Amino acid sequence: MTLAPGPDTRADSEPPDVPGFRTWRGLYLFVFGWFVLVLALLTAFTAIFS
Amino acid sequence: MNLADWIVLLGTLVGIAAYAAWRTRNIRSLNTYLRGSTSTGWGTIGLSVMATQASAITFLSIPGQGFESGMGFVQNYFGLPLALIIVCAVFLPMYRRLNVYTAYEFLGQRFDEKTRLLGAGLFLLQRGLAAGVTIYAPAIIISTVLGWRIDLVIVFTGLLVIVYTVTGGSEAVALTHKWQMTMISAGMATALVVLLLRLPDGLGFTGAAHVAGALGKLQAVDFSLDPSRRYTVWTGVFGGLFLSLSYFGTDQSQVQRYIGGASLREGRLGLMFNAVLKIPMQFVILLIGALLFVFYQFAPHPVFFNQAEWNRHAQDGKFAALEARHASALAQSQSAIRAWLEARASDDAAREASARAAMVAANDRADAIRVEARAAIAAADPRAKTKDSDYVFITFILTELPHGTIGLLVAVMFAAALSSKAAELAALGTTTTIDLWRHFRPLAAADERRDVRVARRFTAMWGLVAVAFALFAGFAENLIEAINILGSIFYGVLLGLFLVAFFLRHVGGSAVFFAAVAAEALVIVMYFSLNIGYLWYNIIGCAACVAFSLVLQTVLPPRVRADEVRAG
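Chains as they are written, first to last, in the numbering used here: chain X, 23 to 72; chain U, 45 to 612.
To be clear, the hints were calculated from the coordinates, so they are not data collected in a lab. A hint or two may mislead.
Where chain X lies over chain U, by a calculated footprint (3+ residues, C-beta under 8 Å) [said to hold, decoys possible]:
#1 118 to 125
#2 310 to 319
#3 323 to 334
Simulated DEER-style distance windows between Cβ atoms [stated by the list, open to error]:
#4 X:V58 - U:K362: 30 to 40 Å
#5 X:G55 - U:R501: 44 to 54 Å
#6 X:V58 - U:I576: 45 to 55 Å
#7 X:L59 - U:R485: 45 to 55 Å
#8 X:V58 - U:R493: 42 to 52 Å
#9 U:V404 - X:L59: 30 to 40 Å
#10 X:D39 - U:R493: 28 to 38 Å
#11 X:G55 - U:K362: 52 to 62 Å
#12 U:V509 - X:G48: 38 to 48 Å
Owing to the predicted nature of the structure, the values given are computational and were not obtained by experimental measurement. Glycine residues also receive a C-beta, built at the ideal position from the N, C-alpha and C atoms.
Let the hints inform the model, and build the full structure from the sequences given.
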């Protein structure tokens, strides 16, 4: 058995190289924010058309 | 279908397969064969992940789901973006750092060989048994509608996918996925545009959306806490997170799509591409179904969309009477919709409410006749297939689209079947080669060329098994549901193994192995003794595996734990 390796800090220190994002954490927050926005839009869609 | 449709259909399907086989014909490196090209970018990885998940049933059944039950199914995908963030942050960096070919190889490095074999065995059992379904399920629908022989459809699609997957392995799969997804997107966009153009004059998208909404087809989100409701925001976020995490994080057919590529960055961006686009894509596919519902309020359509099944049983006056009553109910429903649209434009709230109630009642009457039609078919033949929503979209394609685009849309269905099948075959071949063959013949692993030859043979073997199963499935259709159930019975424990591996650092191989065996036994006993929805077994299996691992780790004799730590 090997102990489970901890979080890979080297992987997270490598920048995503996407304009506007300096860290992966920032990119994940953007994707999460996008999900919340989509949920809000679907809620509005349901309210308008149902 | 005319000559133009056949040219488009065969040209696109065979053209893409031949191009991929030709481009990848000289692969000799095991790494390229199993993980794809080392220069693959995030766009190709993203499309490949998407194509693997989207089977032909996605494009045949989901519009039918929108037609029949509305948009609520989109909530099933709410857990997917969250799961992909976890896979990106935790699973993918670990797989790349340990340089593994399969997800189960990681279990071997983290725990021990018996746990690795258990993980690989669970995957092979589940995917291997399901191997024929991804070919059979669309083949039965397409062959029924077009009057083709199902055995020929199965053999054609099976051999096509075997040829390019065996030739080029993972690289050919990724290459074909890119072009197949491009074609699928173009085909679905064409169908949506034609559908919008075919709506009655003056109705337009907004009018159609208001009609669909008033008739209960556009409720995309439901915040209800009622556990009896099948699709809610909560089941989507929590259940969907669970399912997506096991599918994207531990199923080799997905892991193989993002584990290769030029760098960790490319794999991560490919997964984020899916996290952003998947819900909007499913929304559009369901919306096509809801708009088809409105379209068929104004266009004549059969009382039962699977016309082959209907014609097989519609021998007496009872069926003719149902057809006549349905046509009459449809005319009344159409008048009621027009009356509601006029009332809505009049700004008279009372008139609008009254017209809406009349429209809903007229629609309910038409629906009731469709239910009667299904009951009549079931009464005539208890073994008949009474679910006709899968035939709604394909009926629209064949009757409303111009020639050329019919061929394109039928090609879309086949491309989706080929794309998910190819990923499955590559994953089955890779897992059999790496986790079984190389495990039991470790000395042979040094010969890379031989490894590639062996991987090709195993991939071909699984392809032939899939074709044979699909041909056999016609004689035992209830096997399909049994296989879905079997998947739920194994998926949860498999995810449990990986969650322990990633998040419970002190748990060792013996504890997790026996915990997984006990959890699997518990799930099987529960399945045979309880009557609950089979999707729950995903959560039960995973929770049991994690909990049993923690308990066993504390009660195992200290000697076993010490041996494991020394071995590590």
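Going down the list of hints, with the structure as the test:
| no. | hint | verdict |
| --- | --- | --- |
| 1 | 118 to 125 | holds (count 3) |
| 2 | 310 to 319 | holds (count 4) |
| 3 | 323 to 334 | holds (count 3) |
| 4 | X:V58 - U:K362: 30 to 40 Å | 53 Å, violated |
| 5 | X:G55 - U:R501: 44 to 54 Å | 48 Å, holds |
| 6 | X:V58 - U:I576: 45 to 55 Å | 32 Å, violated |
| 7 | X:L59 - U:R485: 45 to 55 Å | 52 Å, holds |
| 8 | X:V58 - U:R493: 42 to 52 Å | 51 Å, holds |
| 9 | U:V404 - X:L59: 30 to 40 Å | 32 Å, holds |
| 10 | X:D39 - U:R493: 28 to 38 Å | 36 Å, holds |
| 11 | X:G55 - U:K362: 52 to 62 Å | 57 Å, holds |
| 12 | U:V509 - X:G48: 38 to 48 Å | 46 Å, holds |
The structure fails to meet hints 4, 6 from the earlier list, while all remaining hints are met.
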